[in-house]
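Student: Mind docking chain B on chain A? Use the hints.
So the sequences go chain by chain: A and B.
Going by my numbering, the first sequence opens with residue 23, and the numbers climb by one from there.
Going by my numbering, the second sequence opens with residue 584, and the numbers climb by one from there.
Rather than coming from a laboratory, the hints here were simulated on the basis of the structure.
Please note that the accuracy of each hint is not assured.
Claimed, not checked - Listed next, the stretches of chain B that the computed footprint assigns to chain A, with coverage defined by at least 3 CB atoms under 8 Å from CB atoms of chain A: (1) 667-681; (2) 715-724; (3) 756-763.
Unchecked claim - A few chain A positions that, by computed beta-carbon distances, are all more than 12 Å from chain B: (4) PRO39; (5) ASP57; (6) ALA67; (7) ASP69; (8) ALA153; (9) ASP182; (10) TRP187; (11) LEU220.
To be verified - Chain A side only, calculated, beta carbon under 10 Å to chain B, not exhaustive: (12) GLY51; (13) THR71; (14) ASN75; (15) GLU110; (16) LEU122; (17) PRO124; (18) GLN125; (19) GLU130; (20) ARG133; (21) ALA134; (22) GLY140; (23) THR144; (24) PRO145; (25) THR150; (26) ARG193; (27) LYS246.
In this text, a Cβ means the ideal position worked out from N, Cα and C, and glycines have one as well.
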Amino acid sequence: MVNKEKASLDEAVADIPDGATIHVGGFGGVGIPVDLCDALYRQGAKDLTIVNNGVASGKIGLASLIGGGRVRKIICSFPRTPNPEVFEKKYRAGEIELELVPQGTLAERIRAAGAGIGAFYTPTSVGTPLAEGKETRVLQGREMVLEHPLHADFALVKADKADRWGNLTYRKSARNFGPIMCMAAKTAIVQVREIVPLGALDPETIATPSIFVGRIVSVPNPTKEM
Amino acid sequence: MPENGPKNVLGKLTRRQIAWRIVQDIKEGAYVNLGIGQPELVADLLPAEREVILHSENGILGLGPKPAPEDADEDLINAGKKHATLVTGGAFFHHADSFAMVRGGHLDVCVLGAFQVAANGDLANWTTGGNDLLPAVGGAMDLAAGSKKVFAMMDHNSKDGSPKIVERCTYPLTGRACVTTIYTDIAVIDIKPDGCVVREKFADMSLDALQARTGARLTLANDWRPFAIPDVG
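Only chain A is shown next, with the shape it has when bound in the complex (with noise of 0.2 Å):
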């Protein structure tokens, strides 16, 4: 019987090993697996390669990641989330790496590793300082800006409902990256706020289809980034 339920999120990221790149879903504190996150931070995994949209705010679930010095590098579209103090001391003391992305390049490159794109052409960042050093060609008509796939080892997504197969629905825009990051990583770990029995989501509203999904874990009353 394919169960993908693990019991505890210590033990559904207890082989995360230092220096994996992990893809963190969530946007603006919505859909992010802070609890996930605080069970990595207890584990002790360091020398991590992040990547979200922002760089957390506050102090807990990746924002302790940061803080812990666990984070060598973050992949991002905008680290001036609020409260991103956190962030900001490592960054101005060039404690962590950063690199920027345009929101919807970074939403491509994961997209393009899920699903198997040797890289891409995008006209977005085209004379911009983000497509310095970059190869370009002009297709259509249009320059454009060849971006590479962004693949993980591992993603933390949070999502609404799971079943063991690890099928997924999601609420409102909690969806945000939770798909694509799913596809794009070896190992899925998914938090949910119900476990519901094999058959019980409609197959019309399922998100994410198990395939993408390696572990999930019930977390019922999952904590708030903000």
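Tutor: The following block gives chain B in isolation, referenced to the frame of chain A:
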């Protein structure tokens, strides 16, 4: 040529009046993204009877107004990270689909704030290159590259009086030749192949006076009109 438009006691439009003016150029059925900050005022001034579908980068079409505090849903925010609502007919989707809409040319209009706009439509709105703020780009470059029309909403001049409409941007670019129209507190200016064309201004401000506050060469459209903008606060 029109001679007498209404006089404005302030000598400039309020931000809500600029937003009202932008609304006049958004048609029913348009799919529109409003940037964070000033452009959000555009949503407040859309007439209730006009169906305009608002897009939000974080996976929403049919973004509605701010909820009453007791109706706020912890899983429903806008791109500015504030609590939001969904209108009837709205939809949720993931981030790659959201930016397929943006980059794929499906949005009719985006309204963005601007530090500088150049005569060829170059836009600078994400960083002044200084070190005081963390660098942050968000979705601005995608919106600039992908929207059918890019409206820049801004004051005509910086706080120190320097022009924000320039021959060439000195700040790092957000996008190249992307702005289609500039809406400022004293003019509406279209970016045409031959440069900046004034479509609307105060009747009692001469083109020379407007030019003196502008860093790029202006021409006056043959069919230019004086502002006729109601008091919307």
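Student: Determine for every hint whether it applies to the structure shown.
Tutor: So, going through the hints one by one against the coordinates:
1. 667-681: Since 8 is at least three, the answer is holds.
2. 715-724: Coverage by chain A holds for the stretch 715-724 of chain B (9 residues, Cβ < 8 Å).
3. 756-763: holds (count 4)
4. PRO39: holds, 27 Å
5. ASP57: holds, 15 Å
6. ALA67: holds, 25 Å
7. ASP69: holds, 23 Å
8. ALA153: Incorrect as stated: the minimum Cβ-Cβ distance to chain B is 9 Å, not above 12 Å.
9. ASP182: violated, 8 Å
10. TRP187: Its Cβ never comes within 12 Å of chain B, the nearest being 20 Å, so this holds.
11. LEU220: LEU220 (chain A) clear of chain B: closest Cβ-Cβ about 23 Å, beyond 12 Å.
12. GLY51: holds, 7 Å
13. THR71: violated, 18 Å
14. ASN75: holds, 8 Å
15. GLU110: holds, 6 Å
16. LEU122: Result: holds, 6 Å to nearest chain B Cβ.
17. PRO124: Nearest chain B Cβ about 4 Å off; hint holds.
18. GLN125: holds, 4 Å
19. GLU130: Hint on GLU130 (chain A): holds, closest Cβ of chain B at ~6 Å, below 10 Å.
20. ARG133: holds, 4 Å
21. ALA134: holds, 9 Å
22. GLY140: Cβ of GLY140 (chain A) sits 17 Å from chain B, so the hint is violated.
23. THR144: Check passed: Cβ of THR144 (chain A) comes within 7 Å of chain B, closer than 10 Å.
24. PRO145: Check passed: Cβ of PRO145 (chain A) comes within 4 Å of chain B, closer than 10 Å.
25. THR150: Constraint on THR150 (chain A) satisfied, holds at 5 Å.
26. ARG193: holds, 4 Å
27. LYS246: Given a least distance of 7 Å, the restraint on LYS246 (chain A) holds.
Figure legend: structure checked against the earlier numbered hints; hints not met, in rising order: 8, 9, 13, 22.
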